[in-house]
Amino acid sequence: MTEFFGIPVAVIPGQLTLGLVNGSFYALLSLGLAVIFGLMGVVNFAHGAFYTLGAFAALLGLQWFGINYWAALLLAPLAVGLLGIVVERLFLRRLYRLDPLYGLLLTFGLALIVEGSLHQVFGSSGQSYPVPEALAGVIDLGFMILPLYRAWVIIASLVVCFGTWFVIERTRLGATLRAATENAPLLQAFGVNVPLLVAATYGGGVALAALAGVLAAPVVLVNSHMGTSLVIVVFAVVVIGGMGSILGSIVSGLALGIIEGFTKVIYPEASNIVVFIIMALVLILRPAGLFGKE
Amino acid sequence: MKLRKLAMGIAAALATATGAALAAAGDQVVIGDIDDMSGVYADVLGAGGVEAINMAIADFGGTVLGKKIVTLTADHQNKPDIGASKFREWADEHGLNLLLGGSNTGVNIAMAKVAAAKKVPLFVIGAGGASLTNEDCTAYTVHYVYDTTALANGTATAIVNGGGKTWFYLTADYAFGTQLQNAASKVVEANGGKNVGGVRVPLGAADFSSFLLQAQASGAQVLGLANAGTDFTNSLKAANEFGITRTMKPAALLAFLTDIHSLGLKTAQGLYLTTGWYWDLNPDTRAYAKRYFAKMSKQPTMDQAGVYSATMTYLKALKTVGTTDSDKVMAELKRMKIKDMFANEGYIRADGVMIHDMYVMQVKSPQESKYPWDYYKVVKKMNGEEAFGPITGLCPLASK
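Residue numbers (the numbering used here), protein chains in the order written: chain W, 1 to 294; chain B, 1 to 400.
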């Protein structure tokens, strides 16, 4: 078999596609984190818990109220985003004047509470969320069979990622948001309600995590610890992309998904640490991250 | 300053928690349970296991040799150091008489070393690694419910004889996974099959599709899933989704009833698996399951039935010898016959394996399933000797 860097050429397109699927999740999750960090300076350790909550919201919405997948795509992030706003108003806003470490501790504690409660109620073995009928088929790409749903994940997440990037970097609303981080008192003097803006930002970032949770629900079994290990990888992605860089988090999310995919072929045992090795290298060579500004 | 207050608060909370569990040794019989209570294996045994232990103690009458029977439980979080240090602490400070070891082979290997050092019997319930009664055996270890040898002898033999000759493995990259793959590989070869290859997957991987594509590229007929818990359910789910199951036959080298319940029969139907116990085997198993269900609203797994039986067996042995002396109790345990809702004429071999019947099962299709939790049909009942195989000689306690 022809080989390319030790990888049989025949498996490259398949692994590339799968890497993109996983990268889409990383991008979507790290985007939310980057938005929250970039605009608020909060290291949101509860991101994985909000991702899990998004998946549970979809699952319970279906089981209890018969809310279908498409409605859940909208309603679950909305509900979880509102919860995020409540968290910001009740707890997080008290910590802005303090060291960022306190925000980290608070969100980490919240994550433990959320995951522990879900475990207590639903157990650890997880529940199946059906793939929506319209996306239940498969596409035969020749080199592999790609479930239609996974293709949808790539498209949906790319659209949302670049939509978010556009809003923050290219619109007036985005400019106002960025102004709020640069100089909040001045912006307030112009009559802008800055606290509301900040709360909405946190809610928005959290809603992105919940959206990723809904997208993941049909792919994995929905359980209380689905976000725990993922959030650590996603943090590494954000650090590699450059803390707070929106574009950096999207690009590095996708790229790391692909790199991880190839590691699974070349040396599978290392596939869960390759992201961290890259993170260490980036921190040594470019401490601000690949897309970081400083 | 605030951080310091927080740390003191946490320390105080921890102190009260452990203080409450402190029990005066000597006038009590102390049974400990160290298991994964909050992680990926928590539903297999976990809280349900604690309930089963308490059921057994209540059924036994709550006392033995005139002493009250008390329980201690701890969460090992799948970390061998936590399991071993908790075991040591209980043995030193709480007069622990028996430890029931929960899921995770790695943790149980670490705890077996403590069992030998502290001379406290360890009944391994949830873990599968056969090394526990081979290279890692001790005079105080009993492997009660199932082991990797029995799983391989059951599932792999059934599938190879059914025509699945070439195998590729998806293996959890830790002690249990590699032991399971090795055991299955031997069985496949012994029955005239061929092992094409395998891929070692880190525990708790988020996505299995890359590994599955490699399995498919190998051209093997059988996809051997040498993993457990969420790893097993997520890999089988992805195998269905990616159409791998159209060309390859999946073999569950370890699947629990809770896994099948999570996956649903639509995904799991047709799957072969091996189990030490099933709730719907006979009137005795159904009677136990009914009582368990009333408390937990789930049917018990083989581990949750096994831990009940193990607790009973230990207490019966205590009653017979009239002392809690570990050496005398171990001698009686290896002499007695075990006959209850879990085992029929079971016995504990010199190397510590509890020899009892095992069942090769096939998961029913949604049409075949007539009532809730009606998931398995018996393909083959293996007697204990066939399932657990002959003594290997790797454990110094038992020569070939």
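Be aware that one or more of the hints could be misleading.
[Claimed, not checked] Stretch by stretch, here's where chain W covers chain B in the computed footprint (C-beta under 8 Å, at least three residues):
1) 34 to 47
2) 200 to 206
3) 235 to 247
The hints are simulated quantities; they were obtained by calculation from the structure and are not laboratory data. Please read all numbers here as calculations on a predicted model, not as lab measurements. All residues carry an ideal CB built from backbone N, CA and C; glycine is no exception.
Here is what the structure says about each hint:
Residues of the segment 34 to 47 of chain B lying with their CB closer than 8 Å to a CB of chain W number 8, which satisfies the three-residue condition for coverage. Given a C-beta distance limit of less than 8 Å, the hint that chain W covers the segment 200 to 206 of chain B holds, as 6 residues qualify and 3 suffice. For the segment 235 to 247 of chain B, the stated coverage by chain W is satisfied: 5 residues place a CB nearer than 8 Å to a CB of that chain, which reaches the threshold of 3.
Figure legend: structure checked against the earlier numbered hints; every hint is met.
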